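One-letter residues, chain by chain:
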Amino acid sequence: EPEVTQTPSHQVTQMGQEVILRCVPISNHLYFYWYRQILGQKVEFLVSFYNNEISEKSEIFDDQFSVERPDGSNFTLKIRSTKLEDSAMYFCASSEDSGALHFGNGTRLTVT
Amino acid sequence: AQRVTQPEKLLSVFKGAPVELKCNYSYSGSPELFWYVQYSRQRLQLLLRHISRESIKGFTADLNKGETSFHLKKPFAQEEDSAMYYCALSPIEYGNKLVFGAGTILRVKS
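Protein chains in written order, with the working numbering: chain V, 423 to 534; chain C, 1080 to 1189.
Derived from the structure by calculation, the hints contain no laboratory data.
The structure displayed is predicted, hence computed values, not measured ones.
A portion of the hints provided could be inaccurate.
[To be verified] Okay, derived cross-link-like pairs now, DMTMM-like style, lysine to aspartate or glutamate, Cα gap no bigger than 20 Å in a straight line:
| no. | chain 1 | residue 1 | chain 2 | residue 2 |
| --- | --- | --- | --- | --- |
| 1 | V | 464 | C | 1111 |
| 2 | V | 500 | V | 518 |
| 3 | V | 505 | V | 466 |
| 4 | V | 505 | V | 485 |
| 5 | V | 500 | V | 478 |
| 6 | C | 1144 | C | 1133 |
| 7 | V | 505 | V | 475 |
| 8 | V | 464 | C | 1087 |
| 9 | C | 1088 | V | 466 |
| 10 | C | 1136 | V | 423 |
| 11 | C | 1136 | C | 1160 |
| 12 | C | 1188 | C | 1159 |
[To be verified] Example chain V residues on the side facing chain C (calculated, C-beta under 8 Å, incomplete):
| no. | residue |
| --- | --- |
| 13 | 465 |
| 14 | 473 |
| 15 | 513 |
| 16 | 522 |
| 17 | 525 |
| 18 | 526 |
Ideal Cβ positions, reconstructed from N, Cα and C, are used throughout, including at glycine.
Required output: the full structure, derived from the provided sequences and hints.
Written out as structure tokens, the structure reads:
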């Protein structure tokens, strides 16, 4: 069964550094998402992406965040200048249509 | 605003006992409701969605619009059901965004 893959599984970075989290969605899916989960808290929506543009974003997704689909297979989340509070598990997801999201295993981001 | 409430952080039952994981939602429109499950060291995966009305791994969930609930039930718990369960809502008119509840850990004891 096809899966969403995310790399790396764990990223450690220093405060103020840029970080790029990578995802390969399921190949025939058209909708892509990033979610995050701070330790002990809910899974929170960050952004959705469709037809090569952001379709919706949350308040969390400020100017420090950006997403890109650079080559038709990868879907990346960039954090320009990381803060301590960006430490979380970041989940990529994709879907064919409304609702049924397929999630990756997540990238644990630790900002020191 | 959309909100999903799962009141129990942890539900512990014995094998063979009935299970009910509670989920209540707050949304003014007609949402789509889901249950996702995360087994130990595995990814979040869809368990069921209300529009498909399926029973997956013996679990069922009925959308009750009057009580704004979507409780997950199974008549006889099995040890392999131990996992984290998330209820989620998709406000249909806002695309495919999912709003998650805080999750409930189900622990099935032998």
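Now the hints, each set against the structure:
For a cut-off of 20 Å, the pair hint linking residue 464/V to residue 1111/C stands: about 19 Å separates their Cα positions. Restraint check for residue 500/V and residue 518/V: not satisfied, since their Cα atoms lie roughly 24 Å apart, outside the 20 Å limit. Proposed proximity of residue 505/V and residue 466/V is supported: the alpha carbons are some 17 Å apart, at most 20 Å. Restraint check for residue 505/V and residue 485/V: the C-alpha separation of about 13 Å stays at or below 20 Å, so the hint holds.
Taking the CA atoms of residue 500/V and residue 478/V, the gap is near 17 Å; set against the 20 Å cutoff, the hint holds. Annotation: proposed proximity of residue 1144/C to residue 1133/C holds, straight-line Cα distance about 18 Å (limit 20 Å). Between residue 505/V and residue 475/V the CA atoms are separated by roughly 26 Å; this puts the pair beyond 20 Å, and the hint is violated. This hinted pair checks out: residue 464/V and residue 1087/C have alpha carbons roughly 13 Å apart, not beyond 20 Å.
The suggested pairing of residue 1088/C with residue 466/V holds, with an alpha-carbon distance near 17 Å, which does not exceed 20 Å. A distance of roughly 18 Å separates the Cα atoms of residue 1136/C and residue 423/V; the hinted pair therefore holds under the 20 Å criterion. The hinted pair formed by residue 1136/C and residue 1160/C meets the criterion: a straight-line CA distance of about 9 Å does not exceed 20 Å. Only pairs whose Cα atoms come within 20 Å are accepted, and residue 1188/C paired with residue 1159/C is accepted, the gap being roughly 10 Å.
Hint status for residue 465/V relative to chain C: holds, with the closest Cβ pair at about 4 Å, below 8 Å. Taking 8 Å as the C-beta contact cut-off toward chain C, the hint placing residue 473/V at the interface is violated, the least distance being around 11 Å. Satisfaction of the interface hint for residue 513/V is found here, the shortest Cβ-Cβ separation to chain C being roughly 7 Å, below the 8 Å cut-off. Annotation: interface hint on residue 522/V holds; nearest CB of chain C at approximately 5 Å, less than 8 Å.
Taking 8 Å as the C-beta cut-off, the interface hint given for residue 525/V holds, the closest approach to chain C being about 4 Å. For residue 526/V, the suggested interface contact is upheld, since its CB lies about 6 Å from the closest CB of chain C, less than 8 Å.
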